[in-house]
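K.L.:
Each chain, letter by letter, is given below.
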Amino acid sequence: MGKKKKVILPPQLPPDIPDEEIEVSEEDLDFVNKNIEYAGFLSKLDTNLINRHVTRVADYKEDELEALYEKKKKKASLKKSKEEEGLQVDRVDALPIKTLEGELCYRTVESNIAHKENGSASEVKDTDSDKGLVKLTKAQRRQKLKKSKKEAKRQAKEEVKETVAEGLHSDVLAKVEEELSAQDLFARKKIKLAEVGMALLEDPESNIKSLKELLHICIDEDHNIIKLGLMSLLAVFKDIIPGYRIRLPTEKELEMKVSKDVQKTRFYESTLLNSYKAYLLKLMAFEKDLSFHCIAVRCMCILLDAVPHFNFRENLVAAVVRNISSSDDVVRKLCCETIRSVFTNEGKHGGLVTFEAVRLIAELVKAHDCQLHPDSIEVFLSLVFDEDLGKSEPKEEKKEKISKKKKRKQRLEQSNQLLVSEGKRRKHELMTKTREELSADLKSVSFAPDSDERRRTQSEILSAVFGTYFRILKHCMNTSFQRPMMNDISSSIGLGHHPLLGPCLMGLGKFSHLIDLDFMGDLMHCLKKLAGHSDSDNDNPSVSLTVSEKLQCCIVAFRVMRNNLDALNVDLQEFYVQLYNLLLEYRPFRDRGDVLAEALKTMLWEGKQHDMQRAAAFVKRLATFALSFGSSEGMAALVTLKYLLLRNSKCRNLLENDPGGGSLSGLVVKYNADATDPHLSGALASVLWELSLLSKHYNPSISGMASSISSMASMNPLQTQAYLSTVSPLKAFEDLTIERELLKAVNRKSSFNKKGKRGSEFVIMDAEKVRSLESEMDEDVIERKFEEHFIVLRDIEENEKLRLELNKTTSALRLYEEYKQHRKLKQKRKQKKQIGG
Amino acid sequence: MVERLSDTVLKGNFMKGLKAEIRATMKILMPRDLGEAMKKSGVTTIDAAASYNSLDNIYIEDDVNLVDVESDGEGILSEDPECPYISDIETENKGQDNGERAALSESNKNIHLEIVEQKGKLDMLLEKVPKFSKYLESRRAELQKSESEEIDSDEDGDTNYSNGVSSNEGMRLHDRRAINSHTIDVWCWLVVEQPEGPALPNLLHTFQAACRYGFDSDESHLHEILDEKVFSKVLMFILCEADGIFRKWLGVSDSCRKDSFLKFMNTSEWKLVRPLMKSYLRSCLLLLNQVTDGQILVFILSRLRSSIVFFAAFPSLTELLIKISVHLWVTGEESLSLSSFLVVREIASMLLSDWYDTCMMKTYKAFIAHSKFFEHGNLKKVEFLMNSIVELYSLDLQRSYQHVFASLQHLANILSQTMKAKKKEELKKIHNWQYINCVSLWVKFIDCNLKDHDLQPLLSLSILIIKGIAHLFPSLRYLPLRFRCVQMLNQLSLSSGVFIPVASLVLDFLEHKGCTADATRVKAFDFSTVLKVPKHLLKSRNFQEECILSAIELLSAHFSQWRYHISFPELATIPLVLFKRFHEKLSNETLRRQVKRFIDQVEQNKEYIERKRAEISFSPNDHAAIDSFLQMEKSGSNCSFNQYYASVQQKSHSRSALR
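From first to last, the protein sequence lines stand for chains A and B.
When we follow my numbering, the leftmost residue of the first sequence carries the number 1, and every step to the right adds one.
When we follow my numbering, the leftmost residue of the second sequence carries the number 838, and every step to the right adds one.
Extracted from the complex, chain A is given alone in its bound form:
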């Protein structure tokens, strides 16, 4: 009995099978011993169950299991209720049709419809449930239904009106029938789809053959039907694909005699796999067709997202990656989202798909010579790398698992040994063999690979990712030094000149701690070159990097250095020089202010102690910078400046006008604002006069900041750390962005405080002009104008009156004509009377 239960798995098998299984395992044991030839089947069965268990519950701890179960149940019930709801809602739609059909008297004409509909509720239900599945076209279909309804109604009306003259209308009806037939065909196909789909979902085991039928439907002339078919298949596959990878039985296995159930399962699996393959092939074919491109990609994305563990996933990944840089926004977004979800939900497939995707993207980048949409590289940012891989936790888990497995094995073996008899020795051997096979299968299918394997995959992924990044960096360098021969494809698409650099730098920044030390020197070299390359060397400025990109290079360089503290000894001086000069290049609207603030933060704020010359140079430059730029950039600069002054007490000399420049001025005696090297600027000899103008700044926070900085001059040179402010440049920048300020301003209340009242003199207008207007008035002219005005008015009136008069007279004349006729008539009558008389 138990056996049967397990073999025919109902689609919604409660996941608490494991407990059951453990309970019945002794029964199983007996069973195995009795029917040793069925061992193969048993192993198969076990695999199923375990896989199911593993896939669904593997990632959860014991106590979470319950919650998970509940969640799943809820989900299922929710789904059910949803379906029911859908049914109810749709029934409202559907029933009238039926009643309408019933009302229609002439069954001869509508026979095909009547036959099709058959008045059976079940079919209607099918249609509805199909609707539930194919959400995309629901609205469309409903519209169609309504249309047909209307048509039917109209017919009904006609019918009711003229039931008597039925014969007369037969030809009209024939026409209508013709019109309807196309619709009928469509509706019938839809219903067929729905029927088959529902049946499949209800009982996949017995209806598995219908998959082929569904696939067949997808070969149609009607595009809508094809789309519907693809979507239905998607829904079906999503639902019935098991949580494990199907391994088709080997020839040897096929040779073996197996029970009916096993046969059935095998058949089921192979059919499923074959049709899935056929479906995928169809999708791949459709992907090339323009009109189906979108839907095909959508189907593949959903499949990859839902069943990344299943067979043929490689093909799916390849297809999705192929479209990751599509020019179609919808398709691209879809693909990126899918890849991202693959990256983040590694539990579903054990990281192998991740690697596959990364590898494919890397190849894509290589093939397209770095001219792709930035989104395609940005997905790397969602990669999760486990840094403590292979350490404490995963090992323990694994141990547990192993111990469990071992225990069971041991038990099995023990019992086997107990029952071993000479005659069954062969069988026993076979069994152990099968078991080994089973465990191998188990391992291959299990999605929690051991840490070694994971580490290996991870390092492969990492090397692929960084390989891509380096490729991009190199490419940028090459194109910026040697003019690109081709007239970039990217620019024609509308992307930047280095579309991938931005996300690449971001990625480097994010994963800088994982970079191999061997790469480091090379990387720094690249970054230095990229950051330092200015457009003065190049006539074509569009080829060089933007300021934001250069700043990002600097940031990444610093990040990398910081994350690998003592591993390298690279001189970062050049990056400082770059920053010092980039501050001049910065344009608030063209370049990204947040990147600038970030650069200030990473390079000046978080860095090591700066030497005095450099600090002073930056202090001076930042102050000058704040004078020319908007409040948010200015604030970021001032915050950094203040921090620098706090950290470097000697720089506070800049706040005081010390004639002679002091003994600190060093090599350069006079400040030179045009110098490109902070060390040679002689900033120590300057005075921060900027602060006085900045304290007049319209923005109160900037003026306040400026005043507070200028008051630092009187600070005790020894107290430094105590005053370190907590606002970082980035925060300061964001606080003062125009968007934020505007929002604040919109909600602010304000009241006017009185400050004296003004008389009634003019504020802006020329009082003289007003007075001259007064004197301009000439009464005689006005009088004459009045007279003219009167005459015009009178003439108009006169005109009206005369016209009235004219109308009157003419109408009177017209009346005379009438009168004449009238008289004639009278006379005639009189004559008649006379004659009659």
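What the hints contain is simulated information worked out from the structure, not anything from laboratory work.
We put the beta carbon where it would ideally sit given N, CA and C, even for glycine.
Be aware that one or more of the hints could be misleading.
[As the list claims (entries may be wrong)] Pulled from the structure, derived: some chain B residues nowhere near chain A, Cβ distances all over 10 Å:
id, residue
1, Glu1030
2, Gln1031
3, Met1102
4, Asp1191
5, Phe1242
6, Pro1338
7, Asp1363
8, Pro1371
[What the hints assert, rightly or not] DSS-like mimics (lysine-lysine), calculated; alpha carbons at most 25 Å apart, straight line:
id, chain 1, residue 1, chain 2, residue 2
9, A, Lys808, B, Lys982
10, A, Lys830, B, Lys1422
11, B, Lys958, A, Lys808
12, B, Lys958, A, Lys824
13, A, Lys808, B, Lys965
14, A, Lys808, B, Lys946
15, A, Lys474, A, Lys529
16, A, Lys785, B, Lys1066
17, A, Lys801, B, Lys1218
18, B, Lys1257, A, Lys820
19, B, Lys1265, B, Lys1218
20, A, Lys510, A, Lys731
21, A, Lys808, B, Lys956
22, A, Lys670, B, Lys1417
23, B, Lys958, A, Lys801
24, A, Lys731, B, Lys971
25, A, Lys366, A, Lys238
26, A, Lys282, A, Lys212
27, B, Lys1218, A, Lys828
28, A, Lys252, A, Lys264
29, A, Lys744, B, Lys1417
30, B, Lys971, A, Lys824
31, B, Lys958, B, Lys968
32, A, Lys238, A, Lys192
33, A, Lys333, A, Lys238
34, B, Lys968, A, Lys833
35, B, Lys1265, A, Lys801
36, A, Lys212, A, Lys288
Place chain B on chain A using the hints.
P.N.:
Same frame as chain A, now just chain B:
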């Protein structure tokens, strides 16, 4: 005591002045009219007799008239059918009198001739067929009946249109009093002599009739105005004198404000004056609505302006007046617009508590509706409208402040919504003239009132909005818009004395890259009337020039404001560096020269400040010392940079004048 005394003195003075004025006008009016009357031979004696007759009678009928007026609650002057006017049977054909006047009268003549012809035919017919006349009459009666019914149902007692107008017409015409110029003269004289007297209602009645002439149903008035002289005389006299007469009667001084005027409303005279005054004011408004000639409108408005205080008693009329004058202000040409604005302003200042808000709202709304387009033709007009609103809002900041703040917040709100969405349709909400004109309107307002009032919140809000606009449209295509933004910022900075960094907004202008050597010159294009440069100009030489010259102009304005500030060298550092780099790459020789000149001037000033700075010993935190730095030089005007800036400005003016 003192107040009262001064008041009476004023009144006395006023009355004297008024009398003299009226006398003078009378003197002017009388002889001419008499002479004109004399010319009409034959009628003269009758006229004189009639006028004499009427004089006597007026005294008699006065009391009746006044009683009627008193009983009349809502101030429509009562009619007195027994009024013994001069029944001057001047049945002269008007068409003949001034036949050559206009095309209209020409066509009138033609119609008249036609009528004569047709009538002749009809008469012949009637003579020939006597039975037809009966038939005709019966048919006409039928027609009339149905017509009058139609009118009845149509007009629903809307006017006092009587049934069967045409049938009664002949009778009514006899009933109505025709007024000739002599009657008017006499009445005028009477009114001047004795404002409380009975002539005033009659005159006002005639005035009303005149105002309604040709538009309203004349039949409802008992006074028929026979010729243009009467018409203009009545209008002129009433318009010129009514204000004085009422003031004299009530004893209201010229400088009387609303609250003191309201006191007069309790006096016994008020009851007599009120209906007359209302009739006068209403008739004036009617006239305003009907006349189209600009000069007449200006005249009426200027007369009404002196009587604004009377409107305090009639809120509904006030509302009407505001409506009319705002409409004329927005649509009328220069002097009309100005005088209607003066009326609005007068209402706002006289009737501050009741109507100020309405005036502000109405004018602002009208301005918004009118500032959708900004072309060469209406630059001045929009400018004027802006100035007017600033003027109006500056009357009482206590009350206008909230309005300004609310509308600025509204603008800011639109801007921040747009920033969130950043869609093309949304962006259109900002880069249109309506929005920009509103912003510049408030900038102007702040600019004007910053000296005397604390407008800090308004100032920072408007700076924020302007910066936001510039932020939203970074592309060079929006150069004219950005130019305007920076100009406004400079203006605000200059008037408020706060520091607003604009260099970064201007330096973008130098990034123009579309221009190559083969760039062509298109014919002159006025960048000041667009917000967005049309595409075909983007690569033209004009545009390149415009970019650079506007950058120079804006930066020089910015620098000239701070030319004596101690941190001028630092302020100029970054722009100088960039301008120098730009100068090196520039190929256009004329532009090169201008850029070079700018650089030299700035450097000169920079060196000057640095030299001066070397002499001082105070530190940046000594604010008082910094403020006094070079103050002496600031007051003098012979600064080279200042002169340079003036020349730049002049050039830009001449450039825009060229277009």
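K.L.:
The structure should be examined with respect to each hint, and the outcome stated for every one.
P.N.:
Right, here's what the structure says about each hint:
A cut-off of 10 Å between C-beta atoms confirms that B:Glu1030 is not in contact with chain A; the least separation is 22 Å. The claim that B:Gln1031 lies off the interface holds: its Cβ sits roughly 24 Å from the closest Cβ of chain A, which is beyond the 10 Å cut-off. The Cβ of B:Met1102 lies farther than 10 Å from every Cβ of chain A, with a closest approach of about 24 Å, so its non-interface assignment holds. Listed as a non-interface residue, B:Asp1191 keeps its Cβ farther than 10 Å from every Cβ of chain A; the least gap is roughly 17 Å.
Once the 10 Å rule is applied to beta carbons, B:Phe1242 is inconsistent with being away from chain A; the minimum gap is 5 Å. Against chain A, the non-interface label of B:Pro1338 is violated: not every CB pair exceeds 10 Å, the least being about 6 Å. Every C-beta of chain A lies more than 10 Å from that of B:Asp1363, the closest at about 25 Å, which supports listing it as non-interface. For B:Pro1371, the shortest C-beta to C-beta distance to chain A comes to about 21 Å, beyond the 10 Å cut-off, and the non-interface label holds.
Pair hint A:Lys808 plus B:Lys982 holds up; C-alpha atoms about 15 Å apart against a cutoff of 25 Å. In summary, the hint linking A:Lys830 to B:Lys1422 is not supported, as the alpha carbons are separated by about 112 Å, beyond the 25 Å threshold. A threshold of 25 Å between alpha carbons decides the hint, and for B:Lys958 with A:Lys808 the separation of about 13 Å falls inside it, so the pair holds. Between B:Lys958 and A:Lys824 the CA atoms are separated by roughly 21 Å; this keeps the pair inside 25 Å, and the hint holds.
Using a Cα cut-off of 25 Å, the hinted pair A:Lys808 and B:Lys965 holds, with the two alpha carbons roughly 20 Å apart. For the suggested pair A:Lys808 and B:Lys946, the alpha carbons sit about 17 Å apart, so the restraint of at most 25 Å is met. For the proposed pair A:Lys474 and A:Lys529, the alpha carbon gap of about 10 Å is at most 25 Å, so the pair holds. With a C-alpha separation of about 11 Å, the suggested pair A:Lys785 and B:Lys1066 falls inside the 25 Å cut-off, and the hint holds.
In summary, the hint linking A:Lys801 to B:Lys1218 is not supported, as the alpha carbons are separated by about 42 Å, beyond the 25 Å threshold. Restraint check for B:Lys1257 and A:Lys820: not satisfied, since their Cα atoms lie roughly 83 Å apart, outside the 25 Å limit. A threshold of 25 Å between alpha carbons decides the hint, and for B:Lys1265 with B:Lys1218 the separation of about 24 Å falls inside it, so the pair holds. Restraint check for A:Lys510 and A:Lys731: the C-alpha separation of about 20 Å stays at or below 25 Å, so the hint holds.
For a cut-off of 25 Å, the pair hint linking A:Lys808 to B:Lys956 stands: about 10 Å separates their Cα positions. At most 25 Å may separate the alpha-carbon atoms for a hinted pair to count; A:Lys670 and B:Lys1417 meet this at roughly 21 Å. Using a Cα cut-off of 25 Å, the hinted pair B:Lys958 and A:Lys801 holds, with the two alpha carbons roughly 20 Å apart. Taken as a hint, the A:Lys731 and B:Lys971 pair is broken in the structure, with Cα atoms around 102 Å apart against an allowance of 25 Å.
With a C-alpha separation of about 33 Å, the suggested pair A:Lys366 and A:Lys238 falls outside the 25 Å cut-off, and the hint is violated. For the proposed pair A:Lys282 and A:Lys212, the alpha carbon gap of about 12 Å is at most 25 Å, so the pair holds. The straight-line distance between the Cα atoms of B:Lys1218 and A:Lys828 is roughly 77 Å, outside the 25 Å bound, and the hint therefore fails. Among the hinted pairs, A:Lys252 with A:Lys264 is consistent with the structure: their alpha-carbon atoms are about 18 Å apart, no more than 25 Å.
Annotation: proposed proximity of A:Lys744 to B:Lys1417 is violated, straight-line Cα distance about 39 Å (limit 25 Å). At roughly 17 Å between alpha-carbon atoms, B:Lys971 and A:Lys824 fall within 25 Å of each other, so this suggested pair holds. Taking the CA atoms of B:Lys958 and B:Lys968, the gap is near 16 Å; set against the 25 Å cutoff, the hint holds. This hinted pair checks out: A:Lys238 and A:Lys192 have alpha carbons roughly 20 Å apart, not beyond 25 Å.
Proposed proximity of A:Lys333 and A:Lys238 is supported: the alpha carbons are some 21 Å apart, at most 25 Å. Only pairs whose Cα atoms come within 25 Å are accepted, and B:Lys968 paired with A:Lys833 is accepted, the gap being roughly 22 Å. With a CA separation close to 54 Å, the supplied pair B:Lys1265 and A:Lys801 exceeds the 25 Å bound. At most 25 Å may separate the alpha-carbon atoms for a hinted pair to count; A:Lys212 and A:Lys288 meet this at roughly 23 Å.
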